[in-house]
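Following the hints, put chain Z in place on chain X, whose structure we already have.
Protein sequence lines, in the order shown, are assigned to chains X and Z. Each position in the first sequence, counted from 1, maps to that position plus 4 in the numbering used here. Each position in the second sequence, counted from 1, maps to that position plus 177 in the numbering used here.
Treat the hints with caution; some may be incorrect.
[Claimed, not checked] Each computed EDC-like pair below joins lysine to aspartate or glutamate, with the alpha-carbon atoms no more than 16 Å apart: (1) K113/X with E54/X; (2) K622/Z with E490/Z; (3) K97/X with E243/Z; (4) K419/Z with D459/Z; (5) K97/X with D584/Z; (6) K143/X with E543/Z; (7) K322/Z with D295/Z; (8) K97/X with E582/Z; (9) K554/Z with E172/X; (10) K554/Z with E175/X; (11) K97/X with E585/Z.
[As the list claims (entries may be wrong)] Taking CB as the label site, the calculated pair distances span: (12) S221/Z with T25/X: 26 to 34 Å; (13) K342/Z with K49/X: 19 to 27 Å; (14) K97/X with K614/Z: 35 to 43 Å; (15) A130/X with D598/Z: 40 to 48 Å; (16) M178/Z with A106/X: 33 to 41 Å; (17) G85/X with F434/Z: 21 to 29 Å; (18) K49/X with K583/Z: 28 to 36 Å.
[Claimed, not checked] Only part of the chain Z face toward chain X is listed, based on derived beta-carbon distances under 10 Å: (19) I224; (20) W229; (21) W256; (22) M273; (23) N284; (24) P547.
Note that these hints are calculated values from the structure, not bench results. Glycine included, every Cβ here is placed at the ideal spot set by N, Cα and C.
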Amino acid sequence: MDAMERRVFLKGAGMGMLAFTVGGASVLMTPGQARAQNVPFRLLKAREAETIEAMGEALVPGAQRAGVAHFVDQQVSVTPGEALLEARQLNVKPPFINFYRAAIAAVDKAAEARSGGRRFAALTAAEQHDFVDAMRQNKIDGWQGPPGGFVYLVMRSDAVDVVYGTMEGYEALGVPYMPHIAPDKRW
Amino acid sequence: MATQEKVDVVIVGAGASGSVYAATLAKAGKKVVVMDNGPDWQASDLISSDIWGRRIKPAGAPFILEGKHPVSMGAQGGWGVGGAALHYFANFPRLMPNDFRIKSEHNRAHDWPIAYDDVAPFYDKVAHEIGVSGDAAAEEIFRPKGQAYPMPPMKTFRNGRVWLKGFEANRIRMVPAAVGMNSTDFKGRPACIYDGWCHVGCPIGALANPLVTFLSDARKAGAEVRAWSTVTRVLTDASGSKVTGVEYYDRNHEKQFQPASVVVLAAWGAQNPRLLLNSATDKHDKGLANRNGLVGKYVMTHFASGTNAMFDEDVEAHLGTIGAQFMSYERYGKTAHQGAFGSTFIVAGFTSKLTGLGGVANTRPELFGPALHAYMKRAATNLTRITAFGEEQPKIENRVELAAEKDEFGMPLGRIIHSYDDNDAALWNANFEEGLKIAKATDAKDVWQVRAAQPTIHFMGGTIMGTGAANSVVNSFGQTHEVANLYCAGPGIFATAGASNPTYTVFALSLRGAEHLAKTWSTVAG
Numbered sequence: 005m006d007a008m009e010r011r012v013f014l015k016g017a018g019m020g021m022l023a024f025t026v027g028g029a030s031v032l033m034t035p036g037q038a039r040a041q042n043v044p045f046r047l048l049k050a051r052e053a054e055t056i057e058a059m060g061e062a063l064v065p066g067a068q069r070a071g072v073a074h075f076v077d078q079q080v081s082v083t084p085g086e087a088l089l090e091a092r093q094l095n096v097k098p099p100f101i102n103f104y105r106a107a108i109a110a111v112d113k114a115a116e117a118r119s120g121g122r123r124f125a126a127l128t129a130a131e132q133h134d135f136v137d138a139m140r141q142n143k144i145d146g147w148q149g150p151p152g153g154f155v156y157l158v159m160r161s162d163a164v165d166v167v168y169g170t171m172e173g174y175e176a177l178g179v180p181y182m183p184h185i186a187p188d189k190r191w
Numbered sequence: 178m179a180t181q182e183k184v185d186v187v188i189v190g191a192g193a194s195g196s197v198y199a200a201t202l203a204k205a206g207k208k209v210v211v212m213d214n215g216p217d218w219q220a221s222d223l224i225s226s227d228i229w230g231r232r233i234k235p236a237g238a239p240f241i242l243e244g245k246h247p248v249s250m251g252a253q254g255g256w257g258v259g260g261a262a263l264h265y266f267a268n269f270p271r272l273m274p275n276d277f278r279i280k281s282e283h284n285r286a287h288d289w290p291i292a293y294d295d296v297a298p299f300y301d302k303v304a305h306e307i308g309v310s311g312d313a314a315a316e317e318i319f320r321p322k323g324q325a326y327p328m329p330p331m332k333t334f335r336n337g338r339v340w341l342k343g344f345e346a347n348r349i350r351m352v353p354a355a356v357g358m359n360s361t362d363f364k365g366r367p368a369c370i371y372d373g374w375c376h377v378g379c380p381i382g383a384l385a386n387p388l389v390t391f392l393s394d395a396r397k398a399g400a401e402v403r404a405w406s407t408v409t410r411v412l413t414d415a416s417g418s419k420v421t422g423v424e425y426y427d428r429n430h431e432k433q434f435q436p437a438s439v440v441v442l443a444a445w446g447a448q449n450p451r452l453l454l455n456s457a458t459d460k461h462d463k464g465l466a467n468r469n470g471l472v473g474k475y476v477m478t479h480f481a482s483g484t485n486a487m488f489d490e491d492v493e494a495h496l497g498t499i500g501a502q503f504m505s506y507e508r509y510g511k512t513a514h515q516g517a518f519g520s521t522f523i524v525a526g527f528t529s530k531l532t533g534l535g536g537v538a539n540t541r542p543e544l545f546g547p548a549l550h551a552y553m554k555r556a557a558t559n560l561t562r563i564t565a566f567g568e569e570q571p572k573i574e575n576r577v578e579l580a581a582e583k584d585e586f587g588m589p590l591g592r593i594i595h596s597y598d599d600n601d602a603a604l605w606n607a608n609f610e611e612g613l614k615i616a617k618a619t620d621a622k623d624v625w626q627v628r629a630a631q632p633t634i635h636f637m638g639g640t641i642m643g644t645g646a647a648n649s650v651v652n653s654f655g656q657t658h659e660v661a662n663l664y665c666a667g668p669g670i671f672a673t674a675g676a677s678n679p680t681y682t683v684f685a686l687s688l689r690g691a692e693h694l695a696k697t698w699s700t701v702a703g
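Chain X extracted, bound-state conformation (with noise of 0.2 Å):
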């Protein structure tokens, strides 16, 4: 990594947060200061950013509040190299924002056939359970798009990751997390 790359990127770390885009500005905090600051999307749509935080909550309770569509939004908007979702592991093809784009449209057409018409987002939370554990065995009947199990498998990830794969997460679990180099207080 050269000087101005370290530079940037130790910046973020540093600090532990990503970078998001207020008012044209560059700005960095945590997935879930940008949610509560209704930091804009930089590449989700609202229906998909809603649909995102819907289904990151039923994975993992606290997902939604700890800023899971903003998380994945930023993630999306940088080069794949720079990229630290669970996706990338996962063989997932950049770019990213092609996957989820596909994941949730299967997920919120599945849904309204399900519920006459309601999206993800507008099940009870006994219909999101009962649609997430079918889609999870790839047992949702008509489901177009990257297939169930594989969807819950990502989408899960990136819950875990904003709840548990934090220094709070693990603080909030009675973990000691003994980082070498500290990402942040909560990264």
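Leaving out everything else, chain Z in the frame of chain X:
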């Protein structure tokens, strides 16, 4: 295309094998350039986080992954200087004598053109060069005698020790694991502090990654490491009998020619065949070193059978390393399991981080919502696991080939086709069955396994070694049969996979090949 100043050797890839070649040849006085297509990572870039750790996972041109059991490139490969050895677990088991003669002894797979005794001195040299902790004498119940390791075994923790009762009940002898980590200070590098972040890169140098070992030595000896340099072709002279250097794209995407007397391909295992196939000329119409059609063939991986155990008490799940505390070659015999051919290598005792592909959350992948949270609260402290690695038998149809689709440099993407067969599945299942027996003989409260798709761990083959061009791409030193001044290095040259984690053998074979190249330089470089 601009032409750079000629060097003695250009090494493609700054990972485990490339770093050994770079250090050895630079110390021998050769002018060395190491090309890598990714960033020039420093140890201080290795942040302790599963999330940030993904920055050192593959990000170059993707491979198209096909077959019944697609290769898990994203998790296994590397990105940038240090390669996959920046995030490897540093388990240092070795191949055993029986790995080198499967054809002779069982009329299956291949014999290697060398024996264990040819490699063993290099295992010892590597151990003393970069630091290995373990108990060689204890290991010698399984293997021929050799030198002692330079450091005593690593500390053990409850997450490892609670398994010993189960292994004993099943008559599986466990010995201290050999690992490329420091149990004591070693050559100016500090001892491990057991925080378990090895798999995202060890920034203190307690783990023997290339940045703090061979690559550091190479740089001190004058080798140049050229990051963000993507090699697309190996070029040959008009006669086709010698390579003349490599074509590459620099960080500004400008095409360059780097002349060299010798070329060593030390990229990721599938990238070496991709480069050879993309270097076809009228003299090598099927690709370089590929007159026999064997470039890209016999791709092999390992399959892990993991067993989870939940205890009533805290087993110090967060402590230790991501490598193992205990290991066993008890099932390394090729016919150790009835009805399933191939070796098995067993490890126990490692840190369980909460997230990431190998993290706690994925030990119950079917759980979500409040049930997942309840599980995480318990498993974060009370979960521990063992793993048995199985050996895939080589199959010619498991291969790397070029695809029609091209990358940003106009180079055809690689396609990796990989499937296990019934025998591989039988060995995987036999190791699951035994893992359950072991776990049930411990004091664990609950034991379970996750059997989803058969995993594809590590990457070997594609440029295998053999006795001649009739059966292989390279000789035992990695030199291609077809072009004398062209070498391949890394796990791609393994003739068979064994069941042991491959990097210790990669280091040993690379050192053997590099030392031989230095000794025979005038003949090879001409």
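Exercise for review: Decide if the proposed pair is consistent with the structure: K143/X and E543/Z, CA atoms, cutoff 16 Å inclusive.
Suggested key: At roughly 14 Å apart (the allowed maximum being 16 Å), E543/Z and K143/X satisfy the hint.
Review point. Between K97/X and E585/Z, does the CA-CA distance stay at or below 16 Å?
Key: Distance of about 14 Å is within 16 Å: holds.
Check your understanding: Is it true that the CA of K97/X sits at most 16 Å from the CA of E582/Z?
Key -> OK: K97/X and E582/Z at ~13 Å, within 16 Å.
Review point. K97/X and E243/Z: Cα distance at most 16 Å?
Key: Distance ~13 Å between K97/X and E243/Z Cα, so the pair holds.
**Study point:** Satisfaction of hint between D459/Z and K419/Z, Cα-Cα up to 16 Å
**Key:** 14 Å, holds
Check your understanding: Taking only the CA atoms, is the gap from K622/Z to E490/Z under or equal to 16 Å?
Key -> Between K622/Z and E490/Z the Cα gap is close to 9 Å, so the pair holds against 16 Å.
Point to revise | Agreement of hint W229/Z with chain X interface, Cβ distance less than 10 Å | key: 5 Å, holds
Review point. Is K554/Z within 16 Å of E172/X, Cα to Cα?
Key: 14 Å, holds
Check your understanding: Cβ-Cβ distance between M178/Z and A106/X: within 33 to 41 Å?
Key -> 39 Å, holds
Check your understanding: Is the distance from the Cβ of K97/X to the Cβ of K614/Z consistent with 35 to 43 Å?
Key -> The hint (35 to 43 Å, Cβ to Cβ) holds, given that K97/X and K614/Z are roughly 41 Å apart.
Review point. When you take the CB atoms of G85/X and F434/Z, is the distance between them in 21 to 29 Å?
Key: 25 Å, holds
Practice item. With chain X as the partner, please determine if P547/Z meets the hint condition of a C-beta pair closer than 10 Å. Key: Since the shortest Cβ distance to chain X is 6 Å, the answer is holds.
Of the numbered hints given earlier, the model fails hints 13, 22, 23; all others are met.
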